[in-house]
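Asks: Construct the complete structure from the given sequences, taking the supplied hints into account.
Residue numbers (numbering that gives the first Met the number 0), protein chains in the order written: chain L, 0 to 504; chain C, 0 to 100; chain R, 0 to 138; chain Y, 0 to 670.
Hints in this document: simulated from the structure, not taken from any laboratory.
Ranges of calculated distance between the beta carbons of each label pair, as one might list FRET restraints: (1) C:Tyr6 to R:Ala119: 41 to 47 angstroms; (2) L:Val435 to Y:Gly216: 37 to 43 angstroms; (3) C:Leu29 to Y:Gly620: 53 to 59 angstroms; (4) Y:Asn623 to L:Val41: 53 to 59 angstroms; (5) L:Val41 to R:Thr39: 53 to 59 angstroms; (6) C:Ala13 to R:Val109: 40 to 46 angstroms; (7) R:Leu97 to L:Ala204: 31 to 37 angstroms; (8) L:Thr70 to Y:Asn623: 54 to 60 angstroms.
Glycine is no exception: its CB is placed at the ideal position from the N, C-alpha and C atoms.
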Amino acid sequence: MVVFDLSEWTWTAMGPALVLALTALALFVFDSINPRSTNRPVVAGIATVGSLASLGVAVWYVLAGVGHPDTGGAIDLFGGQLVVDQMALFFMIVVAVVTALVSIASYDYMRDHAYQAEYYSLMLLAATGMSVMAASNSLVTIFIALELASLPSYALVAILKDNKGSVEAGLKYFLIGALSSAIFVYGISLVYGATGHLQLEAIAANLDGEYNGLLGVGVLMLIAGFAFKTASVPFHFWAPEAYEGAPAPISAFLSSASKAAGFVIAFRVFTTAFPLETMTDFGVDWALAFIILAIVTMTVGNFAAATQNNVKRMLAYSSVGHAGYALIGLAALTVDGGELVLGAAMMHLLVYGFMNTGAFLFVALAEYWGVGRTFEDYNGLARQAPIACVALAIFMFSLAGIPPFGGFWSKYFLFTGALEAATVNPALLVVAAALVVNSALSLYYYSRLVKAVWIEDPVLERETLTQPAGLYAAIVAAAVVTVVILPGFGPVAELAYDAAAMLVG
Amino acid sequence: MTVGIEYYVLLSAALFCIGLFGVLTRRNALMFLMSVELMLNAANINLIAFAFYHGNLTGQVFALFTMALAAAEVAVGLGIILVLYRNFRDVDVTVPSAMRW
Amino acid sequence: MNEWIAIGALAFVGLLIPLGMMAVSYLLRPSVPETSKRATYESGEVPTGGTRIRFNIQYYMVALLFVVFDIETVLLFPWAVIYRPALESGQVTLLEALGPMLLFVAILLVGLAWAWRNGAVQWAKSPHRVDSQAEVDRP
Amino acid sequence: MVGAFEFAPAIALLPLAAFVVALLFGDYLPKKGAYAGILATAGSLALSLWMLVAVFGGEAYNEELYDWAIGEEITFHFGILIDPLSALMLVIVSLVALLVHVFSMGYMNDEGETGLRRYYAELGLFTFSMLAFVMADNLLMAFIFFELVGLCSYLLIGFWFRTRSAPSAAKKAFLVTRFGDYFFLLGVVAIGATFGTLSFAGDASFVDAAAGAIDAGETFHGFSAETWVTILGLLVLGGVIGKSAQFPLHTWLPDAMEGPTTVSALIHAATMVAAGVYLVARMFGFYALSPTALAIIAFVGAFTALFAATMGVVKDDIKQVLAYSTISQYGYMMLGLGVGGYVAGVFHLMNHAFFKALLFLGAGAVIILMHHEQDMWKMGGLKDKAPVTYYTFLAGALALAGIIPFSGFWSKDEILFDAIILGLEEPIFLVAYAMGLLAVFFTGFYTFRMVFLTFHGEPRTDAARDPHPLGWNVKAPLAVLGVLALVAGVANLAPVAKLTGVDIVFLEHWLDGEYGAVDGLLYSEYTATAGLETAYIAGSETITLIAAGVLALGLALGGAGLAYVLYNVPEPKAHTENLGQAREVLRSNYYQDEFQVWLATGVTLPLARAADRFDGSVIDGVVNGVSSVSLFGSGGMKRLQTGVVTNYAALIVLGFVALLVFFGVYGGWFV
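Replies: Below is the structure:
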């Protein structure tokens, strides 16, 4: 264990986010020196190194026990506006990992693109926002971080300026995002009106039941904001288009990191600011709202994914479905606790960060090759690129929740957690059932892709496919982690449960 | 004469709904954006009114942040609308609908 | 509630009068459409071109930069209000009070430098160059 | 001797290495990997002997090596348990494996077989699995390797997979033993679920847990603890019956003779088939808790012993005779264990491993001599042409028939003695004893019928007149085993000990922890747990002992003598006609196969058809319906995504308003 004393320089606890921000600034500075150069290796290198450094710092903090109850508990910064605890670090790791993978993969994918430095700096700014979201402990910081994450994302989705799909996706994402953030900030104002505070603990302390209607509408509007960020029904409409139209690495980035960041603020806000017990007394049973959202989101996402022909769009809908799985983490919270299921949701988001990023990066690879977008276009790819296709099979089966892979474990824990909570709240039986049914359905369309790649014969003869080093490295790394996370699940689960216990307990 | 807090809420709610109405009916991207700004400002009214009501400055300061962020949002939005016009020769938000189902 | 009735009545009357006048004129006037009547009125000038003309993109760029940087001053404002009292209270050092804002301004400066270097504030010579410039802006 | 047990895993891993080597490089190695196997098994034997010495030095070993699945209720691990029983079994297995490897060079290589790489690889894998099974310290690990030896058996029976009969025999063996293993698996799961542990020994063994539950008078699933233990024991017994070829799951073993004779010697006589009996011995402490289970074991064993022996009488194929005798002998072991004769059962297990391996290898030698002819009626007169084979085979036959002083006599006598003293107290066991006793006669008869037909008389075919020569690698294993068949009985001369008072019951002391032992796995503790009452004829142990011994020996000699009269003539004739109707019944193995086929086609198949029809119409209909509905729903659901962003905004607002109204009304915000 590294002995690490943050008492003197508490702001360094935000290290992972600061590293990302500095990297983004460094890219701006680099680009200012010679705006016309597109030195891909340097730019991509800076981004990768920066995100890996952020990952390193976050992992180091976790190992050193920063924010752990044994070393003084969560670190409050700026009067409680930010808080660095284990959950914050956990999600900072998720964000940094996804950013690193996407940075590496983008080196090849964005090879012909003019705005190299802008691309990476926007991505790192968005990552900074997500990282700060993980630590935000006040509705102010949450909103700012959320916008910091969102605004660069809009630009990133639309960054292929001459590609109609990309622009259409960017527009839709932006418009729905703007609408959602307006709703969200209005919800914040209502919560502020009901309690007079924006800092989460202060809100919890000032829940007096005077303005239940105001509070209730405000909470629902907050849920709307989270639902947008996590692509949960009914705020998911942007997601299929944005993921389909955006450059594939950006789709990976948004559907993994951005979603995880959306969940972390939801976890924190609802466990810290709105204790379920009090809120239920006031007639604001947000757990029920999440139960409904979870069921609807799972069902819509998976059902819509089932008959897609476009692989990327299928993954986009499946991403909606997975948001539904992770929502169980909030839905199954009960008055008595629920750190197990919350921890399971956190684990699911971590595993999802690898398998989903990997899946989208495979799509990026296919787009790089230019083989086409539909399932048929993918037919027989395994013959030409077996390694990547093995990785794809791993991602698909892990996403579907087939046993040896990471995706199974997290889903399994979610399931058992929901069942456990069902003893208190029978409605969760429906959630658990929906989880099973939807997982079964998801196997259909995931395996369809594996079948296309491995079993079907190619429709057209293809030329030999190159093996871009960056994309391959990212895909293989994601696949390896998806597999080895099984033996590593002990520590991961422990961290997630600790983090969840701190939040709930 | 002090105006009761509920009237501020009513005003802001009205503004919010006007914005929402604009979002739902305007097809011009710029009008869409303006409508969203209306909704954001409705929130600002709330924040400032409640800050006054609760007697702390948190809401006011947050309103400042909201304004700054709204400006940033507009900047990004205008950029996107610009490329939208370039690609579709139109700023009608219902035109780009190639991706669906 | 009472004192608001007057305002409401005023608003009602204010809306009623113009609406009523338009309604009356609609009912009374004859409708004889012809080309010159439907033409756009441009203060006596003969109208040329469509209603939409393309502005030089630089208007947009500069306006955008102005909006963004101008709005950042609202964030400086609350800081300026408490800066002096905070220092006088003796609870914060000069570095603690000044440092964050300097950092904030420095970040803005990085952004400005980047925008400048990327030609955002460069004034194009003619509208025709804009399009071509946009194309050659980057290799 | 510090650290002897540190090498225990190597006992199993060496053959595994041989498997890998043979599999990868077999084609390039001299003798196609035989040397790798011989080296590995020799190493295993050396290490096993070291273990034996270590246990003799008063040590024992019970370690959990690796937890491979950690749960809240139960943890699965791999571990090694070396106690007197497993150390003894390790030596037996590795010794026989070594000898069979050597013999294989003569039987397979020198005969120009192809596919030897596969053969030696599978042999290595089998040895690995068997040794690991013997060392297993928990039931699940035992089950895993139990299945693995089953797999190897399947592969090796089907070694000549291009013939018609071998693949079918392999499938039969696999299916029949799997049928038993299915119950075993249920038992493993049930034991794990009931007691939360699967360890054989140590503080947290399921045996202790079961004993504790019985003492505490707990109930499980509505059964008393004792009944539940019986049920669990019988479930595990399912696997034992399948693997050790006990009635009614014995039918696969005779067919398994389709494999190479070396395989029959190693797998289907000395080791794998012993796995079932070994398992009973391994968890004898558990069975001892349930007198009912023990009684069932005893009766299954006794019945099998007699039943198989009668079928052996009419067989013409030398390997078939041996196969039925194997079934019969394992019946004896089950009988011994079932009547509480733990030492006797293990003793017979050991002796049988030696003499049956000897007989099979002898039969292999005969088959080489006879240019791959197995019909005994085509042999004859080999006595003079192959003296080494003859005398070693004779030693094995004498042991099998239970003629004093060969090893088989001592162990069989002990089993029968244990059965009669229990039967004298509880007469029902006298039936079991009677069956066992009767089987002795048949054993003597068919054994010597086989010896006389094969070796005595005049050569009846050209092949018998001009036998193929044998190499050293065939004779050496025969010699080793021949000596063992003669002297192995010295390990436990219980009757002599009882009559003379000299303390020469070495094996009993060995198994009773006189040397090294693991707590809870002691003969005396088992006896105490089972608490079986015994009685003696006229109250005298000596009289009982002598009476039982003389009776058994007399019957054996009688059987042998009958064989001598009928078949030790220059031109023996088939006397089976004299049996009349019984002959057909015996030849058809009591129509067991026909019965089982009828069970499959007459009962199971219609049931399966009905299930299939149900599955095809109702289940598939529902499934297909669900999928069509799902896909249809999917089609509808994705139409929601119209592509027009304004619609999205409207839907979002609509969804939000719906939530708002629902929660507003539900939460009473607007009241």
